[in-house]
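Residue 158 is where the sequence shown starts when you use the numbering used here, and the numbers rise one by one after that.
To be clear, the hints were calculated from the coordinates, so they are not data collected in a lab. Honestly, I wouldn't trust all of these hints.
[Claimed, not checked] Simulated pairs of lysine to any residue, SDA-like, Cα-Cα distance not exceeding 25 angstroms:
| # | residue 1 | residue 2 |
| --- | --- | --- |
| 1 | Lys168 | Asp204 |
| 2 | Lys256 | Glu311 |
| 3 | Lys298 | Glu322 |
| 4 | Lys298 | Asn274 |
| 5 | Lys180 | Lys256 |
| 6 | Lys187 | Cys170 |
| 7 | Lys283 | Ala203 |
| 8 | Lys323 | Thr263 |
| 9 | Lys240 | Ala203 |
| 10 | Lys256 | Asp204 |
| 11 | Lys238 | Lys180 |
| 12 | Lys238 | Lys315 |
| 13 | Lys168 | Asn205 |
| 14 | Lys283 | Thr231 |
| 15 | Lys207 | Glu237 |
| 16 | Lys315 | Ala203 |
| 17 | Lys256 | Thr231 |
| 18 | Lys257 | Gly219 |
| 19 | Lys294 | Asn274 |
| 20 | Lys238 | Ser259 |
| 21 | Lys168 | Ala218 |
[To be verified] Each pair of labels, with its calculated beta carbon distance range:
| # | residue 1 | residue 2 | range |
| --- | --- | --- | --- |
| 22 | Asn188 | Glu322 | 19 to 29 angstroms |
| 23 | Asp271 | Asn205 | 20 to 30 angstroms |
| 24 | Ala270 | Glu172 | 49 to 59 angstroms |
| 25 | Lys257 | Phe212 | 14 to 24 angstroms |
| 26 | Ala276 | Lys238 | 21 to 31 angstroms |
| 27 | Asp271 | Ala218 | 38 to 48 angstroms |
| 28 | Tyr258 | Leu305 | 32 to 42 angstroms |
Virtual Cβ for every residue (Gly too), placed ideally from N, Cα, C.
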Amino acid sequence: IGLDFGTHNTKLCVEEIDGNVKKYEFISFKNNGKDEFLLPSEMFIADNGKITYGFVGERGAGRFIQNFKQCVFTNLNGSEKDKLYCTWFIANIIFDLEKKYSDQFTIQMGVPADNTNLAKKKKLAKMIVASAYYLVKEVFKNDKSLFLNSTEQELISKTQFITDEKEIETT
């Protein structure tokens, strides 16, 4: 799975290899019953702490969260909250991938980088993806409804950043 985690939109592309033939297909996301190939890279945290990912629709009272990916990866100045938002956003996507493909896929995610920051950004990306996997597999046991029903405070307490390289490789 190619994960293009963008500042404004996120998209996924599946590469399937059959012998020497490669097929590519974009994964769609449901938006009010319609298939969309771009998932807005945004979240809404309602006053009760519940989080909506992607297509936030009617917001009501709460906080609209955007540009968290840019804060973390472009400037390397993202706060711990921005890193949490990135982790939760990607975990939300991994739940859907696990449902569709079980565990028969790998994720490749690019990062915006130049020669001076590439190593730091790669390490940060690995940490976020490994931490998202940890939430999906170990904390929520592949139960997306438990994840979606968790409040921001519950997710803060349950999110563990995976930073050890050996642990990242096994997550």
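The hints, checked one at a time:
1. Lys168 to Asp204: violated (28 angstroms)
2. Lys256 to Glu311: holds (23 angstroms)
3. Lys298 to Glu322: holds (23 angstroms)
4. Lys298 to Asn274: Violated, because 34 angstroms separates the two Cα atoms, which is more than 25 angstroms.
5. Lys180 to Lys256: With Cα atoms ~21 angstroms apart, lysine 180 and lysine 256 stay inside 25 angstroms; holds.
6. Lys187 to Cys170: With a Cα-Cα distance of about 16 angstroms, the restraint between lysine 187 and cysteine 170 holds, given a limit of 25 angstroms.
7. Lys283 to Ala203: At roughly 29 angstroms apart (the allowed maximum being 25 angstroms), alanine 203 and lysine 283 break the hint.
8. Lys323 to Thr263: Status holds; Cα separation ~17 angstroms.
9. Lys240 to Ala203: Holds - the C-alpha atoms of alanine 203 and lysine 240 are around 19 angstroms apart, at most 25 angstroms.
10. Lys256 to Asp204: violated (29 angstroms)
11. Lys238 to Lys180: This hinted pair is violated, its Cα atoms lying about 37 angstroms apart.
12. Lys238 to Lys315: holds (13 angstroms)
13. Lys168 to Asn205: violated (29 angstroms)
14. Lys283 to Thr231: Holds, at about 15 angstroms.
15. Lys207 to Glu237: holds (19 angstroms)
16. Lys315 to Ala203: Between lysine 315 and alanine 203 the Cα gap is close to 19 angstroms, so the pair holds against 25 angstroms.
17. Lys256 to Thr231: violated (31 angstroms)
18. Lys257 to Gly219: Not OK: lysine 257 and glycine 219 at ~31 angstroms, beyond 25 angstroms, violated.
19. Lys294 to Asn274: Cα-Cα ~30 angstroms, so violated.
20. Lys238 to Ser259: Distance of about 29 angstroms is beyond 25 angstroms: violated.
21. Lys168 to Ala218: Distance of about 28 angstroms is beyond 25 angstroms: violated.
22. Asn188 to Glu322: 19 to 29 angstroms: Violated - the Cβ-Cβ distance for asparagine 188 and glutamate 322, about 37 angstroms, lies outside 19 to 29 angstroms.
23. Asp271 to Asn205: 20 to 30 angstroms: violated (41 angstroms)
24. Ala270 to Glu172: 49 to 59 angstroms: Distance hint for alanine 270, glutamate 172 is violated at roughly 22 angstroms.
25. Lys257 to Phe212: 14 to 24 angstroms: Taking Cβ atoms as reference, lysine 257 and phenylalanine 212 lie about 18 angstroms apart, which means the hint holds.
26. Ala276 to Lys238: 21 to 31 angstroms: holds (24 angstroms)
27. Asp271 to Ala218: 38 to 48 angstroms: Distance hint for aspartate 271, alanine 218 holds at roughly 41 angstroms.
28. Tyr258 to Leu305: 32 to 42 angstroms: violated (20 angstroms)
In this structure, the earlier hints numbered 1, 4, 7, 10, 11, 13, 17, 18, 19, 20, 21, 22, 23, 24, 28 are contradicted, and the remaining ones agree with it.
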